[in-house]
Amino acid sequence: MAAPITLEALLLHRERRAASQRAWLGELGLPLLSVTLVTPGPVKDSPTARYLIECALGILHEGLSKRQWPVARQRVERGDAGCEALFAVRAEPLELKRFAAQLEREHPLGRLWDLDVVGLDGVPLTRAQVGQPPRRCLLCEEPAAACARARAHPLELLSKVIEERVAAFGAVAGPEAPSGANGVPVLDAETIGAWAHEALAREAALTPKPGLVDGENSGAHSDMDLATFRAALAAMRPYWPRFFAVGAEEANGSDGALLRRLRALGLECEGAMFGATGGVNTHKGAIFSLGLLCGCAGKLAGRALDVELLCAEAARVTAPLVATELRGATKCGTAGEQLYRRHGMVGARGEAASGFATVRLHALPSYRALRAELGEELAMHDALLRLMANAGDTNVAKDGGLEGVGFVQRRAAELLGRGGASCPGFIEELRRLDAELIERNLSPGGCADLLAVTCFLANLP
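Residues in the sequence shown are numbered consecutively from -16, following the numbering used here.
It is possible that some hints are incorrect.
Pairwise CB distance ranges (calculated) [as the list claims (entries may be wrong)]:
| # | residue 1 | residue 2 | range |
| --- | --- | --- | --- |
| 1 | GLY62 | GLU386 | 40 to 46 Å |
| 2 | ARG401 | PRO126 | 47 to 53 Å |
| 3 | ARG393 | PRO107 | 43 to 49 Å |
For the record, the hints were derived by calculation from the structure and aren't laboratory data. Just so it is clear, the structure is predicted and the values come from calculations on it, not from any experiment. Cβ atoms here follow ideal geometry from the backbone N, Cα and C, with glycine treated the same way.
All chains, full assembly: derive it from the sequences and hints.
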């Protein structure tokens, strides 16, 4: 659990949040949806808070996608100042506020979320503007703002009510339920599923991404855009908890049986993706990697889970794939098998069999360090560059051969050498690299999948 935050640090964080909102409004010219949590007291970060933000993100992505309101930019932060998110949404501000107020009123956890909408003039819209009364206190029928200012209720009682609401929703059975020994999480299907969905949603929304679909363009693709990705995400979302459930059911079975069942469910998930995208492949690699990780988390259910344990299990389960399907293949069926025969590239199967070594050794340490220093979005940009510089991306090799792979790796390494996300003009440098990859028809889709794996694993110790 995070340390208590001082009032001075909290006020400084709020000033930075307001400055970020002003910058986004000036740059994007879109209304903003700000997501914070009701967390009374000096401790703002906790397993319960992190679960609440995951639930909010999942519900919001689903609702915005359903209404066909594109998210132009998104940032998620977790730390001592709490868990929060910011969305720039292509929607009419009053309609966005009406949607947010409805969620706060109707969702079982809505009273624990603060979903504020900031208009183009920088002024937050009020509930009265959409015909809603002020929010009521968690403990009485007085306006919540008045009770908070007066500190009308004991902190312990407020915290207890919050935990009870979360427990009633079926997410967490108390403040200590998400963690085992030494605070290491013991997780369930819904939590793991929410992590997988959110990781993919954050990867999709990140902009700009060189050669990849993002909020500005379709990268080196002519058959998909961000709306295609959102449709795929919504279709795949129900499957992530099911991967976990399969792993839990096979906890005492053989690795071969687990792998067969995960692959069968993966094909079903692919079918849902193709159905939503009109036959366009947006996430086959991600289904393999995240489906595997969700399944292995299910197999380890009840144990205190961390990055090393989960990745080691994934490596053990998939190790035979490289030996039998790549090295031992007598004919080349899939694109991955052809690239192994031609260039010795092991692709997604090799990454999994290594325990996602490229993520663990290059992207994840950088992402965690920079997230605290520069924020979620820049940390993700830097992590993506590190993956591009170090992974042999078979998506790039398919269209550009080894020459294309080398070009992507060199250019990413050059940007990192100049300071990565910390260098002046970093975002414009990414846009220049984006134009270069589009011109060469190179899309590092395998690295995008590994970025989602990075975000997923970052939830664990």
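Which numbered hints are broken by the structure, listed smallest first? none
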